[in-house]
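**Student:** Use these hints to put chains B, C, D, E and F onto chain A, whose structure you have.
Residue numbers (our numbering), protein chains in the order written: chain A, 1 to 309; chain B, 1 to 309; chain C, 1 to 309; chain D, 1 to 309; chain E, 1 to 309; chain F, 1 to 309.
Derived by calculation from the structure, the hints in this document are not laboratory data. Beta carbons are placed, not taken as given, at the ideal position from N, Cα and C, and that holds for glycine. Any given hint could be a false lead.
As the list claims (entries may be wrong) - If you anchor each label on the Cβ, the simulated ranges turn out as follows: (1) K125(E) / K57(B): 36 to 46 Å; (2) E297(D) / G79(B): 31 to 41 Å; (3) A30(B) / M289(C): 33 to 43 Å; (4) P29(B) / K93(A): 50 to 60 Å.
As the list claims (entries may be wrong) - Once the Cα atoms are required to be at most 20 Å apart in a straight line, the calculated DMTMM-like pairs of lysine to aspartate or glutamate come out as: (5) K58(F) / E69(F); (6) K139(A) / D273(B); (7) K308(C) / E112(F); (8) K139(B) / D273(C); (9) K125(C) / E76(F); (10) K129(E) / D72(B).
Protein chains: 6
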Amino acid sequence: VKNKFKNSFFSQHGLWLPSQAAVRAMSSPAGPSPPYTTLAISHPAEFVTHVELHRPKKLNAMNKAFWSEMVDCFNEIAGNPECRVVVVSGAGKIFTAGIDLMDMASDILQPEGDDTARVSWNLRKIITKYQETFSVIEKCPKPVVVAVHGSCIGGGVDLITACDIRLCTQDTWFQVKEVDIGLAADVGTLQRLPKVIGSSSLVNELALTARKLYADEAKSSGLVSRVFTDKEAMMAGALEIAGEIAARSPVAVQGTKINLIYARDHSVAEGLDYMANWNMSMLQTQDVMKSAQAAMEKKSPKTIVFSKL
Amino acid sequence: VKNKFKNSFFSQHGLWLPSQAAVRAMSSPAGPSPPYTTLAISHPAEFVTHVELHRPKKLNAMNKAFWSEMVDCFNEIAGNPECRVVVVSGAGKIFTAGIDLMDMASDILQPEGDDTARVSWNLRKIITKYQETFSVIEKCPKPVVVAVHGSCIGGGVDLITACDIRLCTQDTWFQVKEVDIGLAADVGTLQRLPKVIGSSSLVNELALTARKLYADEAKSSGLVSRVFTDKEAMMAGALEIAGEIAARSPVAVQGTKINLIYARDHSVAEGLDYMANWNMSMLQTQDVMKSAQAAMEKKSPKTIVFSKL
Amino acid sequence: VKNKFKNSFFSQHGLWLPSQAAVRAMSSPAGPSPPYTTLAISHPAEFVTHVELHRPKKLNAMNKAFWSEMVDCFNEIAGNPECRVVVVSGAGKIFTAGIDLMDMASDILQPEGDDTARVSWNLRKIITKYQETFSVIEKCPKPVVVAVHGSCIGGGVDLITACDIRLCTQDTWFQVKEVDIGLAADVGTLQRLPKVIGSSSLVNELALTARKLYADEAKSSGLVSRVFTDKEAMMAGALEIAGEIAARSPVAVQGTKINLIYARDHSVAEGLDYMANWNMSMLQTQDVMKSAQAAMEKKSPKTIVFSKL
Amino acid sequence: VKNKFKNSFFSQHGLWLPSQAAVRAMSSPAGPSPPYTTLAISHPAEFVTHVELHRPKKLNAMNKAFWSEMVDCFNEIAGNPECRVVVVSGAGKIFTAGIDLMDMASDILQPEGDDTARVSWNLRKIITKYQETFSVIEKCPKPVVVAVHGSCIGGGVDLITACDIRLCTQDTWFQVKEVDIGLAADVGTLQRLPKVIGSSSLVNELALTARKLYADEAKSSGLVSRVFTDKEAMMAGALEIAGEIAARSPVAVQGTKINLIYARDHSVAEGLDYMANWNMSMLQTQDVMKSAQAAMEKKSPKTIVFSKL
Amino acid sequence: VKNKFKNSFFSQHGLWLPSQAAVRAMSSPAGPSPPYTTLAISHPAEFVTHVELHRPKKLNAMNKAFWSEMVDCFNEIAGNPECRVVVVSGAGKIFTAGIDLMDMASDILQPEGDDTARVSWNLRKIITKYQETFSVIEKCPKPVVVAVHGSCIGGGVDLITACDIRLCTQDTWFQVKEVDIGLAADVGTLQRLPKVIGSSSLVNELALTARKLYADEAKSSGLVSRVFTDKEAMMAGALEIAGEIAARSPVAVQGTKINLIYARDHSVAEGLDYMANWNMSMLQTQDVMKSAQAAMEKKSPKTIVFSKL
Amino acid sequence: VKNKFKNSFFSQHGLWLPSQAAVRAMSSPAGPSPPYTTLAISHPAEFVTHVELHRPKKLNAMNKAFWSEMVDCFNEIAGNPECRVVVVSGAGKIFTAGIDLMDMASDILQPEGDDTARVSWNLRKIITKYQETFSVIEKCPKPVVVAVHGSCIGGGVDLITACDIRLCTQDTWFQVKEVDIGLAADVGTLQRLPKVIGSSSLVNELALTARKLYADEAKSSGLVSRVFTDKEAMMAGALEIAGEIAARSPVAVQGTKINLIYARDHSVAEGLDYMANWNMSMLQTQDVMKSAQAAMEKKSPKTIVFSKL
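Chain A on its own, in the form it takes in the complex (with noise of 0.2 Å):
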């Protein structure tokens, strides 16, 4: 295990190894954290929130529940300042199956109304609520890592898309499966996986044909910025990446998500307007001295402890 280790993409820095107790209580023997019934929520490092997945008999397909427990969870954590970076990750043998059908078929296949333009009416209404589920993390202001093993088949794609981070296994594969089922994929991956990837002929043809991406292509493509050789390994990475920076000014860091999800969706010269206005209050905060001084001082971040945000 040290091995996996050694190779730290922050060796440079040396200031955040993940322990192994910590990345073994990633896993959760538990089950789902109440309330909820699809979610384990655990918090393998100081600031760090864990939030799994946890239906693994299920292949943690999406079912109903789901789709309300990711708002109330991601709510929760963007309100708290015990936790400024999330690691999500699926227990079982995959990282998820995608919507659970079965359970979702009444709203889907058979949605009430009168008349088409009333069926049409609240099926709008369901599709912008699921929509949501994907959307708050995005709103989030905490970066959110996502570890993805095994398989991420539909509605899979539509939650890490919504992630800042990707990163997954060798043996993982990706795929756009709506259009396998007779539907263009409505809750988010149209719309993030071309702005996520660098190459639309690629985002076109997993769209269209449904084929599986494998994890080098989806490293090469940029899908994932990263490839573990397993479960373990990865889970280490991703509380690594998720230490570094939780060890940062969280004005800093969540600043920094605030501003890069408004560049994508605006031209550079809104983009540099918002940021000015951000910035504008956002370095007067005493977290720039301090995190000035440590440098200066060659400190590690780690050792700073800055107000809660």
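**Tutor:** Frame of chain A; chains B, C, D, E and F shown alone:
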């Protein structure tokens, strides 16, 4: 030849393997299909239309006829329910040598007009008309797979960047040629290439120096999503991809294309809103039930009979 | 040394091979060019301007003088018809260590103002002014090739993402450093980096963890379009690319840059409309005829005499 | 009183004349409707909800409770098929005195946070939350008619500009008050007022000088579309307008509101595209046939029974 | 009749007074101009085209033929250099009764399609096609003056909001009728009306209640810029305005229309950029010199001979 | 004269009545203020800057000097904390006759350039520079009140539409003159006028026919927000408005201007987001407390001493 097909990308499904006959049918010895003089149209498989640039003696250079025939051709395709996917390729030695300067010179170099303003006015009309030649590919809701061999020069790059999925052979090179003849590319390359591949440094280098881009860099940069050893293998691959697409619900496939293009040009929030409005009616298709049932019964999508769209 | 030039990217044209003398001329032993104190300006070849960051003892750290000299320098370049292309590089051991915190501290850490609103007001002015330092590179219609060696830290990344073509040496690393000193990068990196490379996961990782990005990943992610073995080879390569650009019609080249930047920030439809309005006048240049004629006569663009622009 | 109703705007249809009893029912002597403490809710006519600002002793000043009760109230209304249109008015002497500075002072003047950045962070959350108080009016698809009497100050202007139809009495004045207490209006006035009335000179004058705008200028500038002699006549008029709206197809009415708001914020071309996507399902309502038939039979829309929406 | 012309708006110039013969020529006793069956086309003065809605017995209701004839008509006008300005009016008792429900019912009420998705797909095509009927007016670079008398109902409002200058007679009323037949207006009114008049309260009232708007309120709200006593006076006025426009440089006039429409849909900064790109060529017209010279010599623009455009 | 001041708009506050001496001080018998040759600058009251167009013998026609002096003048004003509000007016008989064609002819009619493209390039630079002359008014965060008398022709309309508050005398007429000299207005009128007044029909009529707009229609259309009997009364009124603005918190006033202009060019949602980012720091001003306290103590804002901004 069998070997070429063996490592099919979709072997996981095993649903669509093009026959050699079908692939062979994609070369058009009879020449252009009347009334077209530059395009040969064929139907190598059910729901698949093949559009072949067919002026091989002129290296498929784009003459005046070509610019308007493309518009007619894709408008016909857009409205034809028998077509669900298009493959575009070039007859003869190369894909295309780009604009046919000799044939076009009068339009571009000696535009009419009594003074500079009027010449400009007329040039604007001409440029706008020529832009439409490739924009029709994008406006056509059926996915377009383009298969490039040999070389793809100048106007050829404008063409392929308006297609959805790009393939090439190992011996292909691409060239944004316009700057070599004293003009900024004005029928699509400068607008679409940066949204098609993920390296702005490379895009700029190509557009500013007119250097050649070879197949391997085309693949690694994401311009194409696959490279094939030779044209025959590529046409088989193109037909396989087309077959995969044609086998799926046209409601799902065409909705996917329309929303992917919308997403490219809008913020994620705007794209999600558009998607919700789209699917509030499109989810009410029988295709969802048919596809879901086939999926549960482990049947290939190919076995489903979808209503025409 | 000859070997370095042999596998020139443009050998297909063979039109532009920089002499060793020209390359050597790009190092500036005499130091900054008055009135500049941080920039050395030279003209290694016809129509090529070389801007060298020149505070080698300070690792080209960006002090107060630098931020305003860049604006003056690029405004001068923008208006100078003798310049058709710019190469930017750094003197000494590394490209740049980024912002000179010592010199800048008063501006950033102790801004004036009687209350928080007034401090914010003044900070906004400062940030906006510093943003302009790199936006001038983008507003300058002449293409800018940046050649990076050693390290490129913090403000250096803001600088290079505003350039058009990025090159580096094998031993270079890049670092989005700002989060390490408690602030969200506010002079361009967060706005431009996501539009410069095609992996949002990687962009987010770099910006949120401040980890180093090495030359090979810089190449595979598309941040740079070429990696060179050492600085001398890179400067020769930069000069060759610059020479290729300088040899072509300035009407075509500068129109290309302006439209590529417009396209980045607009929908394809808006970009095409802008392009049509642009070329309705720009096509009326003698450069088209001159270039077309040279092309037909198989002459190098270098032989054409273009009017000044 | 009869005279007041005689010259009804809709006498051409003659379909909806509110009874005196209905109008009288719109004043709420019983006070706020639990659980609300600042709002009295009633149902003066079928499908019509009346929301009355009800802190008359405090001149309906907007206290902390108000800001969240509005959100709850309009979310309830948005989801209630028994409501098709809303009338908003104020109990007591005036419509509203605006923000209740005493009650709100701690939030605005002494926000929490260990440093300026953290105070700013918290203020941003508060402002965003307060903006939502009026944005819910806009997000609610049922049209909102606001009836203003006496005065409408500060936050009151933010409120009414988020409503769809504005009425006032002859003795009303409006005041964009914020600049008088040292702040730029931040919950909607600066964003919506310029899109609500057609004179930017007047908007700027109002917002920069805090001068009063009287009923006649409110009418001539288009801020209100009708002025009434007194409150009783206005409430009857409001109820008549509400009745007209309630009598029509909710599919048509709510689709109209949603598309009008979309159009305000987008180009005409984008608005038309959105509209086409909207009506491709909404035209498939039985309401069209029912309404067309009634129209042909010269029956009042009031006689049609529409399915709930 | 003379009196009517005396207080001409342009008497300051005195350059263009329509003769009674010209005005009389604008009524078309001969009926529609083949191949049109719903439009009568005439040329009451040099460079002026008159398009008359001509189904007087059907109150100029918009039948199927109308929707496509408008497109053909305005495309012809757009390309015809003999036309510099258009006047649109209606033959018979009123301007138009709006959509011809009887003739259109099959399209709208019984669209084809095997399931809801396919019906929606076809409806979207139909709506988009009908939207184009009025968008051609906007895309036509020649200014369009519309002269409304009697009533302008439903589709009529969609039509006139796409015109550039609106006039009406004292006895005219306007009605956004669509909500009365159970649908949200989908061919332009909801998109253009809010950008055509300056009171959103009034726009909302009209669109949500379908109440009539009479001439005086049409004038005070800015829907029309002039009201005339009767149709004859209005036609003379329309012809006078058209004459003023026709007498000026078509380069200036058409550039003005194009840029005004662009400005409506973009920010001021984007509009200015577009304008600069436009005029960099259009200023190079002889018309500037010709017009300036005429102005200095106090000659009427009417005396200038402009080259065709 | 006293009568003129009596029915002051602000008599409700009674806080700011300009003295006759102050009003008189606004005419500049001494001529332009060096280094300006076309502008006379004075300070008629505390924090109020008066900029007078001062080439009365040339009817304040805009010559070359004017176009650059405006930029210098407003840049100075923008940075000068002693100025909180600006009044612009014209010396002599009329406000301005617009562009000084004689002085500008060489720039516009005989631009340099070896071919059409190069002439266009240079014209674009010139147009962009001239656009800046009026955009500086908008970029200056201090509100600008413009007081127009006599006539305001051509470039004058471009100027006043960039100001914040527009006043005129009873005898004023406005004219969008450009079309009369063969060009589309290119320094702001076509972009700003449609966003300044609420009738697109009127805007189009003015821009396409160059007819005069008189004071009463200027008022009813909202171009000006007030009309005065004569220039003296107007200057008093302008000074009173300016005084009202100058007496209020510069943080509130300038934030209001900046956000109003942002709102004009963005959707309501974007505007609200911008506003929240703005006020998260600006609310932390002492001005809120000072202003609130004065308001509670019924003191005039004039008595408050605000820190400089």
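**Student:** If a hint holds in the structure, say so; if it does not, say that too.
**Tutor:** Hint check results:
1. Distance hint check for K125(E) and K57(B): the Cβ-Cβ separation is about 40 Å, which falls inside the suggested range of 36 to 46 Å.
2. At roughly 39 Å, the beta-carbon separation of E297(D) and G79(B) lies within the given 31 to 41 Å, and the hint holds.
3. Between A30(B) and M289(C) the beta carbons are some 39 Å apart, a value that agrees with the proposed interval 33 to 43 Å.
4. The beta-carbon spacing between P29(B) and K93(A), approximately 53 Å, falls within the hinted interval of 50 to 60 Å.
5. Between K58(F) and E69(F) the CA atoms are separated by roughly 17 Å; this keeps the pair inside 20 Å, and the hint holds.
6. For a cut-off of 20 Å, the pair hint linking K139(A) to D273(B) stands: about 16 Å separates their Cα positions.
7. For the hint pairing K308(C) with E112(F), the CA-to-CA distance comes to about 11 Å; that is within 20 Å, so the pair holds.
8. Among the hinted pairs, K139(B) with D273(C) is consistent with the structure: their alpha-carbon atoms are about 16 Å apart, no more than 20 Å.
9. For the hint pairing K125(C) with E76(F), the CA-to-CA distance comes to about 15 Å; that is within 20 Å, so the pair holds.
10. Distance hint between K129(E) and D72(B) is fulfilled; the C-alpha atoms sit about 18 Å from each other, no more than 20 Å.
This entry satisfies every hint, going by the numbered hints stated previously.
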